[in-house]
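Colleague: Order-wise, the sequence lines are chains E, P, H and Y. Counting in the UniProt record's numbering, the first sequence tops out at residue 161, every number present. Counting in the UniProt record's numbering, the second sequence tops out at residue 161, every number present. Counting in the UniProt record's numbering, the third sequence tops out at residue 161, every number present. Counting in the UniProt record's numbering, the fourth sequence tops out at residue 161, every number present.
I should point out that these hints are in silico values taken from the structure, not numbers from a laboratory. The beta-carbon is built from N, C-alpha and C at its ideal position, and this holds for glycine as well. Just so you know, not all the hints are guaranteed correct.
Stated by the list, open to error - Cross-link-like lysine-lysine pairs, in silico, DSS-like; alpha carbons within 25 Å at most:
no.	chain 1	residue 1	chain 2	residue 2
1	H	LYS35	P	LYS35
2	H	LYS90	H	LYS35
3	H	LYS151	Y	LYS35
4	H	LYS151	H	LYS99
5	E	LYS35	E	LYS90
6	E	LYS151	P	LYS99
7	E	LYS35	P	LYS151
8	H	LYS35	Y	LYS35
9	P	LYS99	E	LYS35
10	P	LYS151	P	LYS90
11	Y	LYS99	Y	LYS151
12	E	LYS35	Y	LYS35
13	P	LYS99	P	LYS151
14	E	LYS99	E	LYS151
15	H	LYS35	Y	LYS90
16	Y	LYS90	Y	LYS35
Said to hold, decoys possible - Computed beta-carbon distance windows for the label pairs:
no.	chain 1	residue 1	chain 2	residue 2	range
17	E	VAL91	P	THR24	44 to 54 Å
18	E	SER94	P	GLY134	29 to 39 Å
19	E	MET1	P	GLU32	50 to 60 Å
20	Y	ASN96	P	GLU32	16 to 26 Å
Claimed, not checked - Selected chain H positions facing chain E (in silico; Cβ < 10 Å):
no.	residue
21	GLU22
22	ILE108
23	HIS114
The lines below spell out each chain.
There are 4 protein chains.
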Amino acid sequence: MNIELITTGGTIDKVYNPLNGELTFGESNVPEIIKRARVTANIHITPLMAIDSLQMTDEHRNQILMHCQSSDTDRLVITHGTDTMTDTAKVLASANLVKTIVLTGAMIPFSIQHSDALFNLGAAITSAQLLEPGIYIAMNGKVFNALETEKNRQQGIFETN
Amino acid sequence: MNIELITTGGTIDKVYNPLNGELTFGESNVPEIIKRARVTANIHITPLMAIDSLQMTDEHRNQILMHCQSSDTDRLVITHGTDTMTDTAKVLASANLVKTIVLTGAMIPFSIQHSDALFNLGAAITSAQLLEPGIYIAMNGKVFNALETEKNRQQGIFETN
Amino acid sequence: MNIELITTGGTIDKVYNPLNGELTFGESNVPEIIKRARVTANIHITPLMAIDSLQMTDEHRNQILMHCQSSDTDRLVITHGTDTMTDTAKVLASANLVKTIVLTGAMIPFSIQHSDALFNLGAAITSAQLLEPGIYIAMNGKVFNALETEKNRQQGIFETN
Amino acid sequence: MNIELITTGGTIDKVYNPLNGELTFGESNVPEIIKRARVTANIHITPLMAIDSLQMTDEHRNQILMHCQSSDTDRLVITHGTDTMTDTAKVLASANLVKTIVLTGAMIPFSIQHSDALFNLGAAITSAQLLEPGIYIAMNGKVFNALETEKNRQQGIFETN
Numbered sequence: 001m002n003i004e005l006i007t008t009g010g011t012i013d014k015v016y017n018p019l020n021g022e023l024t025f026g027e028s029n030v031p032e033i034i035k036r037a038r039v040t041a042n043i044h045i046t047p048l049m050a051i052d053s054l055q056m057t058d059e060h061r062n063q064i065l066m067h068c069q070s071s072d073t074d075r076l077v078i079t080h081g082t083d084t085m086t087d088t089a090k091v092l093a094s095a096n097l098v099k100t101i102v103l104t105g106a107m108i109p110f111s112i113q114h115s116d117a118l119f120n121l122g123a124a125i126t127s128a129q130l131l132e133p134g135i136y137i138a139m140n141g142k143v144f145n146a147l148e149t150e151k152n153r154q155q156g157i158f159e160t161n
Numbered sequence: 001m002n003i004e005l006i007t008t009g010g011t012i013d014k015v016y017n018p019l020n021g022e023l024t025f026g027e028s029n030v031p032e033i034i035k036r037a038r039v040t041a042n043i044h045i046t047p048l049m050a051i052d053s054l055q056m057t058d059e060h061r062n063q064i065l066m067h068c069q070s071s072d073t074d075r076l077v078i079t080h081g082t083d084t085m086t087d088t089a090k091v092l093a094s095a096n097l098v099k100t101i102v103l104t105g106a107m108i109p110f111s112i113q114h115s116d117a118l119f120n121l122g123a124a125i126t127s128a129q130l131l132e133p134g135i136y137i138a139m140n141g142k143v144f145n146a147l148e149t150e151k152n153r154q155q156g157i158f159e160t161n
Numbered sequence: 001m002n003i004e005l006i007t008t009g010g011t012i013d014k015v016y017n018p019l020n021g022e023l024t025f026g027e028s029n030v031p032e033i034i035k036r037a038r039v040t041a042n043i044h045i046t047p048l049m050a051i052d053s054l055q056m057t058d059e060h061r062n063q064i065l066m067h068c069q070s071s072d073t074d075r076l077v078i079t080h081g082t083d084t085m086t087d088t089a090k091v092l093a094s095a096n097l098v099k100t101i102v103l104t105g106a107m108i109p110f111s112i113q114h115s116d117a118l119f120n121l122g123a124a125i126t127s128a129q130l131l132e133p134g135i136y137i138a139m140n141g142k143v144f145n146a147l148e149t150e151k152n153r154q155q156g157i158f159e160t161n
Numbered sequence: 001m002n003i004e005l006i007t008t009g010g011t012i013d014k015v016y017n018p019l020n021g022e023l024t025f026g027e028s029n030v031p032e033i034i035k036r037a038r039v040t041a042n043i044h045i046t047p048l049m050a051i052d053s054l055q056m057t058d059e060h061r062n063q064i065l066m067h068c069q070s071s072d073t074d075r076l077v078i079t080h081g082t083d084t085m086t087d088t089a090k091v092l093a094s095a096n097l098v099k100t101i102v103l104t105g106a107m108i109p110f111s112i113q114h115s116d117a118l119f120n121l122g123a124a125i126t127s128a129q130l131l132e133p134g135i136y137i138a139m140n141g142k143v144f145n146a147l148e149t150e151k152n153r154q155q156g157i158f159e160t161n
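Pulled out of the complex, with its shape left as it was, chain E reads as follows (with noise of 0.2 Å):
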C-alpha cells in the first residue's frame, strides 16, 4: 500500500526566522516526523508548495488537486493550513476522484513547543490506510467527512457542521 504525502504549507510547517523574529516556511518539517515516528509504511513526500492557507487562490487548490489525480497512488495524504482545509478539502470532492485523501495540518507549529503536529500526522497516515474514497480531515482525534466539518475558529477546533 503506498501512500502519497503532500505538503503545502501551514501553520504545521511554519519556522522562526531568528533575524526577523517572523514566522516563514522554510524546508518542510513533514520528514523529519516521519523519520521521528520511525514509520515503515510506504509514503512518498512531496513538496508541492510551502505557503499559509489564508494565502492559497483557486489555482494553489487547482495545482493541488491536478497533483493529486495525477498521482500513481489512491490514498494521499495533504498537510494543509487549517483556515481554508475545507475549502481545498471541497474543490478535492468536486473532482469526484476515486482515492482515498485525508488532509491534516496543526494549530501549533511542529517547531513550537507544545505542538499537534506529530499527533495530526499519526492520525491522517494511519486514516489513509483504513478508509474508504472520499475526502476526510484528520484534526482533534476525529476524522471527519471533509464535507460535514468546517473549522470553530474561536476554539481552534473542527466541528461538524
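Following the hints, position chains P, H and Y against chain E.
Modeller: This is chains P, H and Y only, laid out in the frame that chain E set:
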C-alpha cells in the same frame, strides 16, 4: 462514539528522575498528549498500571483483559511497552471480545527528545474509531492485526510475521 | 546576595497564539526557566512590561531606569528584546547607578525549538553576581560592556563596536 | 580570550537508546548547545571521555588534570556528572594551577524535557571568562568555590558546605 484509553506504563510514559538518574514512572503523560492534540473525541482515560512491559505478568495481562471486558465502551486504546505488546494482544485476542482494541506505545518516551509518542497515539486513537472489532497494534505508521506482527528488537520496529 | 530579575518582553518571552497564528506575549517564560534551572540564588522576578523592544519608547526605558534606581538590590538582570537592547543600556548607563545591571534576551523564543533563552539567562544571572557595578549585555556566550557593543542584525549576533 | 571546553560525560550528555531503553552516551550534546546559543566566544571543545561520574576513577581524574595542565589556555570549562563533580574539583585544586576552571553539568540530560543543561553551560562559559584563577562549580544559578560546596543528593542541588 466513546473511547476508553487505558494506560499501563511502558516506554511512552517513562520520565527521568533527576535524583537517581533513572527512567521511572510518575503520572502518565497521556492526558498531556490528549490535551496538546486538542482532542474533541470522547475519550475516557484510565490509568490501570504503570510498569515496564518486561515486568508484566500473566496477572497483569488478565487485569487488562478484564478491564476491557467490563468496559462500557467497545472501542479501546491501550498504551503499553513495546517489548511484550504482542503478548498482551494475544491474551486479549483469546477472549474473542466483540470490541475494537488498539495497542500502541513508543520507542522513545514522550518526555525525551525526538519521541514518537504523539504520532503513535494519534494513529491509535484514530484507528480505534475506524476499525472493525479485533485486536490491533498501531506502530510505525501502520496498523497491524495484532496476531500477525512481532517486534524486531534489533531494528526497533514492528513487522508482519 | 539578592538579584532582581526584571522582565520587559522581547523575543525570549514570545509565545504562539494558536487562534491567530501570531507570536505574542502571555505570562513571562522566565519563572519557568528559573525553576527548570533549579536556581537557588536569591532571585526576585518583576514582570515590568511585556513588549517587543521595537515598540519600546523613551517612556518605557525611563520606567525601567526608575525601577532599577528604586530597587533595593544592587544586582539586576533585565530580559529585553535584542533589537533595542543597547538603547536601553545607554539610558541606564547615563544615570551612573552604582549597580551591576546585566541585560539579556534571546534570538529564538523560549517556547520555540532550538531556543537560546536558557543559555543566555544562565549567563546573565551568573554575570550579575560576579561583575563590578556597570551596565552589561550577556549574549552569544560573552559579556559585553553595554556601551561597547551593538547588534549585527544581518548575522543575529552582538559584536564589539 | 580562549576557552577550552572539556566534556567528560555525566548526566548532561546522556541520550536515550531506543533499542534497549537505557540512557547511555553517544556524541556529546555540548557542540549542539554551543551552536544553539550562537556562541561567538572563542571556544575549543575537547571530548575527553564520556562516562557516568559514579564510574570515574582516580585515573580518569588524573587524565582530566593532566589535560588542564597541558592545555594552552588558562580558562577551561568541564562538563561533568554532578555526583562526583566535587571529587574531581578537589583533584584539580590540589595541583595549584594558575588557571580558571569551571565545572558544570546537569540534573536532567540535554536530551530530556525540562533540562537545565543550556542554563548551566551558559553560566559556566560566562563564569570562566570573568573569574580569577581557581576551581569553581557553576550550578543552580550560583558559582561556588569548588572546595566549599557539596551536592545535596536528597534535594538535587549544590550547597555551600
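Colleague: So, for every hint listed, does it hold in this structure?
Modeller: Each hint, compared with the structure:
About 23 Å separates the Cα atoms of H:LYS35 and P:LYS35, which keeps this hinted pair within 25 Å; it holds. Among the hinted pairs, H:LYS90 with H:LYS35 is inconsistent with the structure: their alpha-carbon atoms are about 31 Å apart, more than 25 Å. At most 25 Å may separate the alpha-carbon atoms for a hinted pair to count; H:LYS151 and Y:LYS35 meet this at roughly 18 Å. Of the pairs offered as hints, the one joining H:LYS151 and H:LYS99 holds, with about 24 Å between alpha carbons and a cut-off of 25 Å not exceeded.
Under the criterion of a C-alpha separation no larger than 25 Å, the hint pairing E:LYS35 with E:LYS90 is inconsistent with the structure, at around 31 Å. Proposed proximity of E:LYS151 and P:LYS99 is contradicted: the alpha carbons are some 31 Å apart, above 25 Å. For the hint linking E:LYS35 to P:LYS151, the alpha-carbon distance of about 18 Å falls within 25 Å, and the restraint holds. The hinted pair formed by H:LYS35 and Y:LYS35 meets the criterion: a straight-line CA distance of about 24 Å does not exceed 25 Å.
For a cut-off of 25 Å, the pair hint linking P:LYS99 to E:LYS35 is broken: about 32 Å separates their Cα positions. A distance of roughly 14 Å separates the Cα atoms of P:LYS151 and P:LYS90; the hinted pair therefore holds under the 25 Å criterion. For the given pair, Y:LYS99 sits about 24 Å from Y:LYS151 by alpha-carbon distance, which is consistent with the 25 Å threshold. In summary, the hint linking E:LYS35 to Y:LYS35 is supported, as the alpha carbons are separated by about 23 Å, within the 25 Å threshold.
Distance check on the hinted pair: P:LYS99 and P:LYS151 sit about 24 Å apart at the alpha-carbon level, within 25 Å; holds. A threshold of 25 Å between alpha carbons decides the hint, and for E:LYS99 with E:LYS151 the separation of about 24 Å falls inside it, so the pair holds. Note on H:LYS35 and Y:LYS90: the hinted pairing is violated, with a Cα-Cα distance of about 29 Å set against a maximum of 25 Å. For the suggested pair Y:LYS90 and Y:LYS35, the alpha carbons sit about 31 Å apart, so the restraint of at most 25 Å is broken.
Taking 44 to 54 Å as the suggested C-beta distance range, the pair E:VAL91 and P:THR24 conforms, at roughly 50 Å. At roughly 35 Å, the beta carbons of E:SER94 and P:GLY134 sit within the given window of 29 to 39 Å. Taking 50 to 60 Å as the suggested C-beta distance range, the pair E:MET1 and P:GLU32 does not conform, at roughly 32 Å. Range check, Y:ASN96 to P:GLU32: Cβ separation about 51 Å, and the 16 to 26 Å hint is violated.
Evaluation of the H:GLU22 hint against chain E yields a held restraint, the C-beta minimum of about 8 Å falling below 10 Å. The interface hint given for H:ILE108 is met, as the beta carbon of that residue sits about 5 Å from the closest beta carbon of chain E, less than 10 Å. Checking H:HIS114 against chain E by beta carbon gives a least distance of about 8 Å; that is within 10 Å, so the hint holds.
Taken one by one, the earlier hints fail for this structure at numbers 2, 5, 6, 9, 15, 16, 19 and 20, listed in ascending order.
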